[in-house]
Amino acid sequence: MLVRLIRYYAGWTDKIHGLTVPADGAYHVQTLHEPIGVSGQIIPWNFPFLMFAWKVGPALACGNTVVMKTAEQTPLSALYTSRLFLEAGLPPSVLNIVPGFGPTAGAVLASHMDVDKVAFTGSTATGKVILQFAAQRNLKQHTLPYSSNQGQCCCAGSRTFVHERVYDEFVEKAKIRALNRSVGDPFKSGIEQGPQIDSKLFEKILRYIRSGVDTGATLETGGERHGSKGYYIQPTVFSNVQDDMPIAKEEIFGPVQTILKFKNNEDVIQRANNSKSGLAAGIFTQNIDTVNTLTRALKVGTVWVNCYDVFDATIPFGGIKTK
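Using this note's numbering, the final residue of the sequence shown is 335, and nothing's skipped along the way.
Worth double-checking, as some hints may not be accurate.
As the list claims (entries may be wrong) - Only pairs whose alpha carbons sit at most 25 Å apart, straight line, appear in this in silico DSS-like list of lysine-lysine:
| hint | residue 1 | residue 2 |
| --- | --- | --- |
| 1 | Lys311 | Lys140 |
| 2 | Lys261 | Lys241 |
| 3 | Lys333 | Lys288 |
| 4 | Lys261 | Lys187 |
| 5 | Lys273 | Lys288 |
| 6 | Lys129 | Lys140 |
| 7 | Lys140 | Lys241 |
| 8 | Lys241 | Lys212 |
| 9 | Lys273 | Lys241 |
| 10 | Lys261 | Lys273 |
| 11 | Lys288 | Lys275 |
| 12 | Lys261 | Lys212 |
| 13 | Lys27 | Lys140 |
| 14 | Lys187 | Lys311 |
| 15 | Lys27 | Lys129 |
| 16 | Lys216 | Lys241 |
| 17 | Lys185 | Lys273 |
| 18 | Lys273 | Lys187 |
| 19 | Lys187 | Lys216 |
| 20 | Lys129 | Lys333 |
Quick caveat, the hints were computed from the structure, so don't treat them as lab data.
Make the full structure from the sequences, and use the hints.
Structure below.
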């Protein structure tokens, strides 16, 4: 996917141009698409190769230079890939990688007067801080998309609405699937789920799981640490989840599935849209009327039908609300 993305953006280099606009009288109007200049980019730790390509590819294709701050947890992906860019002939100083922490390197990049635009992907809270830094200095342009990797995915389908007619059967099959999911070293063949990124997220996910139990959801399987070493968490499934529970309202960012019951389309539309986030949704049905109704009614940026997490270099991906 990384290679496909870079090749796709490279194909745009000779297709970005202005327009000649018809005007009344003896006037000639021409628009120009020019490089912004220095693009400051801040990426998160999940999907480090793809985040690198999504940020760097368009910026370079449009003639900009790039200063990228990587996440402190995953700096090596961008450092290694940028070296390949140099070996391929990219001039020095066009692409610059700056590993560092958010309060230091990230804050400087967002507020620096010589940075013409800042592009950020990460949490909503951090995005608001970056927006403040950008506004306080030179009102630089900004792109702030707020965000499957052990469930550590911005569009993880963790909130699953299932029709009451098949609810019990679905829960049982989800439980069996979770029990059979292989957890371990992601470099080993056959492993489906690796560790969480660090101890902070590991503990946060376990707190959410305990919250689910405490608020009355049924823990079907999982819910504990997997093994005795590393930040591994058992694939976890909750049933009898209510909309007001934290595990249903908030982003867990881990291998936890919450299964909620719904009665009809009107019910699920209202409940699904009752969220601060609006990134993505998936619909599984054989009814084309249901597809047409839900794809238009759900307030999200991307809707997959009878599939999930399908990406391609040519497909736009983005959300609404805070996500």
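Right, here's what the structure says about each hint:
1. Of the pairs offered as hints, the one joining lysine 311 and lysine 140 holds, with about 22 Å between alpha carbons and a cut-off of 25 Å not exceeded.
2. Proposed proximity of lysine 261 and lysine 241 is contradicted: the alpha carbons are some 30 Å apart, above 25 Å.
3. A hinted pair counts as satisfied when its Cα atoms are at most 25 Å apart, and lysine 333 with lysine 288 qualifies at roughly 6 Å.
4. In summary, the hint linking lysine 261 to lysine 187 is supported, as the alpha carbons are separated by about 22 Å, within the 25 Å threshold.
5. Note on lysine 273 and lysine 288: the hinted pairing holds, with a Cα-Cα distance of about 20 Å set against a maximum of 25 Å.
6. In summary, the hint linking lysine 129 to lysine 140 is supported, as the alpha carbons are separated by about 15 Å, within the 25 Å threshold.
7. Note on lysine 140 and lysine 241: the hinted pairing is violated, with a Cα-Cα distance of about 36 Å set against a maximum of 25 Å.
8. Distance restraint check for lysine 241 and lysine 212: the Cα-Cα separation of roughly 15 Å lies within the 25 Å cut-off, and the hinted pair is therefore satisfied.
9. Only pairs whose Cα atoms come within 25 Å are accepted, and lysine 273 paired with lysine 241 is rejected, the gap being roughly 36 Å.
10. For the hint linking lysine 261 to lysine 273, the alpha-carbon distance of about 15 Å falls within 25 Å, and the restraint holds.
11. Simply put, lysine 288 and lysine 275 have alpha-carbon atoms about 23 Å apart, close enough for the 25 Å limit, and the pair holds.
12. Between the alpha carbons of lysine 261 and lysine 212 the distance comes to roughly 20 Å, so the proposed pair stays at or under 25 Å and holds.
13. Distance restraint check for lysine 27 and lysine 140: the Cα-Cα separation of roughly 34 Å exceeds the 25 Å cut-off, and the hinted pair is therefore not satisfied.
14. Of the pairs offered as hints, the one joining lysine 187 and lysine 311 is violated, with about 29 Å between alpha carbons and a cut-off of 25 Å exceeded.
15. A hinted pair counts as satisfied when its Cα atoms are at most 25 Å apart, and lysine 27 with lysine 129 qualifies at roughly 22 Å.
16. Between the alpha carbons of lysine 216 and lysine 241 the distance comes to roughly 17 Å, so the proposed pair stays at or under 25 Å and holds.
17. For the proposed pair lysine 185 and lysine 273, the alpha carbon gap of about 15 Å is at most 25 Å, so the pair holds.
18. With a C-alpha separation of about 16 Å, the suggested pairing of lysine 273 with lysine 187 holds against the 25 Å cut-off.
19. Between lysine 187 and lysine 216 the CA atoms are separated by roughly 22 Å; this keeps the pair inside 25 Å, and the hint holds.
20. For a cut-off of 25 Å, the pair hint linking lysine 129 to lysine 333 stands: about 22 Å separates their Cα positions.
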